[in-house]
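Chemist: Sequence:
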Amino acid sequence: KYPDPVADPGDITAEQIERCIMNLSPMKAPGPDGIKNIVFKQCSGALVPQMLCLFRAVFLLKTYFDLWKEFTTVVL
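Just so you know, we're using our numbering here: the sequence shown kicks off at -17 and counts up by one.
Note that these hints are calculated values from the structure, not bench results. Do not take every clue at face value.
Claimed, not checked - In the SDA-like style, the derived pairs of lysine to any residue whose C-alpha atoms are separated by at most 25 angstroms in a straight line are:
1) -17 - 45
2) 10 - 44
3) 51 - 30
4) 10 - -8
5) -17 - 44
6) 51 - 29
7) 23 - 34
8) 44 - 29
9) 10 - 33
10) 18 - -8
11) 10 - -3
12) 10 - 50
13) -17 - -3
14) 23 - -4
15) -17 - 55
16) 51 - -6
17) 18 - 48
18) 23 - 12
19) 23 - 37
20) 18 - 35
21) 51 - 20
22) 44 - 13
23) 18 - 31
24) 44 - 2
25) 10 - 53
26) 51 - -8
27) 23 - -14
28) 23 - 8
29) 23 - -17
30) -17 - 8
31) 18 - 49
32) -17 - 13
33) 18 - 36
34) 51 - 31
Claimed, not checked - Distance windows between CB atoms, simulated:
35) -16 - 17: 20 to 26 angstroms
36) 52 - 32: 19 to 25 angstroms
37) 24 - -3: 15 to 21 angstroms
38) 40 - 7: 30 to 36 angstroms
39) 47 - -7: 20 to 26 angstroms
40) 23 - 50: 17 to 23 angstroms
Yeah, the Cβ is synthetic: ideal placement off N, Cα and C, and Gly gets one too.
Let the sequences and hints guide you as you build the complete structure.
Modeler: Take a look at the structure:
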């Protein structure tokens, strides 16, 4: 169980998503979905509008799918 959110995130914008994508390290190990950061960086134009709808729905409905709570830690 996750704690209650600290503050309302407000309306997320396409620019915020784009900025986050551009700050990703392109060669980091992918998470459980197997998608590498370079894919997000190279396809951001097509992905950002879809991600914007998805993230807005997540914040509005306060629904976080169990698979989105998983991550992979790689020790180097």
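Chemist: Next, verify each hint and record whether it holds.
Modeler: Here is what the structure says about each hint:
Among the hinted pairs, residue -17 with residue 45 is consistent with the structure: their alpha-carbon atoms are about 13 angstroms apart, no more than 25 angstroms. Distance hint between residue 10 and residue 44 is unfulfilled; the C-alpha atoms sit about 29 angstroms from each other, more than 25 angstroms. Using a Cα cut-off of 25 angstroms, the hinted pair residue 51 and residue 30 holds, with the two alpha carbons roughly 20 angstroms apart. Taking the CA atoms of residue 10 and residue -8, the gap is about 29 angstroms. The hint is violated against a cut of 25 angstroms.
Between residue -17 and residue 44, the direct Cα distance comes to roughly 13 angstroms. Compliance with the 25 angstroms bound is thereby established for this hinted pair. Between residue 51 and residue 29, the direct Cα distance comes to roughly 20 angstroms. Compliance with the 25 angstroms bound is thereby established for this hinted pair. For a cut-off of 25 angstroms, the pair hint linking residue 23 to residue 34 stands: about 15 angstroms separates their Cα positions. The hinted pair formed by residue 44 and residue 29 meets the criterion: a straight-line CA distance of about 22 angstroms does not exceed 25 angstroms.
A distance of roughly 20 angstroms separates the Cα atoms of residue 10 and residue 33; the hinted pair therefore holds under the 25 angstroms criterion. The hinted pair formed by residue 18 and residue -8 fails the criterion: a straight-line CA distance of about 28 angstroms is larger than 25 angstroms. For the proposed pair residue 10 and residue -3, the alpha carbon gap of about 22 angstroms is at most 25 angstroms, so the pair holds. Restraint check for residue 10 and residue 50: the C-alpha separation of about 18 angstroms stays at or below 25 angstroms, so the hint holds.
This hinted pair does not check out: residue -17 and residue -3 have alpha carbons roughly 30 angstroms apart, beyond 25 angstroms. Of the supplied pair hints, the one linking residue 23 and residue -4 holds, its CA atoms being roughly 14 angstroms apart against a limit of 25 angstroms. At most 25 angstroms may separate the alpha-carbon atoms for a hinted pair to count; residue -17 and residue 55 meet this at roughly 20 angstroms. Only pairs whose Cα atoms come within 25 angstroms are accepted, and residue 51 paired with residue -6 is accepted, the gap being roughly 20 angstroms.
Proposed proximity of residue 18 and residue 48 is supported: the alpha carbons are some 20 angstroms apart, at most 25 angstroms. Note on residue 23 and residue 12: the hinted pairing holds, with a Cα-Cα distance of about 13 angstroms set against a maximum of 25 angstroms. Our distance criterion of 25 angstroms between C-alpha atoms is met by residue 23 and residue 37, whose separation comes to about 18 angstroms. Of the pairs offered as hints, the one joining residue 18 and residue 35 holds, with about 21 angstroms between alpha carbons and a cut-off of 25 angstroms not exceeded.
For the hint linking residue 51 to residue 20, the alpha-carbon distance of about 21 angstroms falls within 25 angstroms, and the restraint holds. For the proposed pair residue 44 and residue 13, the alpha carbon gap of about 23 angstroms is at most 25 angstroms, so the pair holds. For the proposed pair residue 18 and residue 31, the alpha carbon gap of about 19 angstroms is at most 25 angstroms, so the pair holds. Under the criterion of a C-alpha separation no larger than 25 angstroms, the hint pairing residue 44 with residue 2 is consistent with the structure, at around 21 angstroms.
Distance restraint check for residue 10 and residue 53: the Cα-Cα separation of roughly 13 angstroms lies within the 25 angstroms cut-off, and the hinted pair is therefore satisfied. As the CA atoms of residue 51 and residue -8 are separated by approximately 21 angstroms, the hinted pair is consistent with the 25 angstroms bound. Between residue 23 and residue -14 the alpha-carbon distance is near 31 angstroms, which puts this suggested pair outside the 25 angstroms criterion. At most 25 angstroms may separate the alpha-carbon atoms for a hinted pair to count; residue 23 and residue 8 meet this at roughly 7 angstroms.
For a cut-off of 25 angstroms, the pair hint linking residue 23 to residue -17 is broken: about 32 angstroms separates their Cα positions. About 31 angstroms separates the Cα atoms of residue -17 and residue 8, which puts this hinted pair outside 25 angstroms; it is violated. Only pairs whose Cα atoms come within 25 angstroms are accepted, and residue 18 paired with residue 49 is accepted, the gap being roughly 17 angstroms. Among the hinted pairs, residue -17 with residue 13 is consistent with the structure: their alpha-carbon atoms are about 21 angstroms apart, no more than 25 angstroms.
For the hint pairing residue 18 with residue 36, the CA-to-CA distance comes to about 19 angstroms; that is within 25 angstroms, so the pair holds. Restraint check for residue 51 and residue 31: the C-alpha separation of about 22 angstroms stays at or below 25 angstroms, so the hint holds. Between residue -16 and residue 17, the C-beta spacing of about 23 angstroms keeps the proposed range 20 to 26 angstroms intact. The given range of 19 to 25 angstroms is respected by residue 52 and residue 32, whose C-beta atoms sit roughly 21 angstroms from each other.
Distance hint check for residue 24 and residue -3: the Cβ-Cβ separation is about 19 angstroms, which falls inside the suggested range of 15 to 21 angstroms. A beta carbon spacing of about 24 angstroms between residue 40 and residue 7 contradicts the range 30 to 36 angstroms that was offered as a hint. The given range of 20 to 26 angstroms is respected by residue 47 and residue -7, whose C-beta atoms sit roughly 21 angstroms from each other. One distance hint, 17 to 23 angstroms for the beta-carbon pair residue 23 and residue 50, holds here, with the actual separation near 20 angstroms.
Comparing the model with each numbered hint stated earlier shows that hints 2, 4, 10, 13, 27, 29, 30, 38 do not hold.
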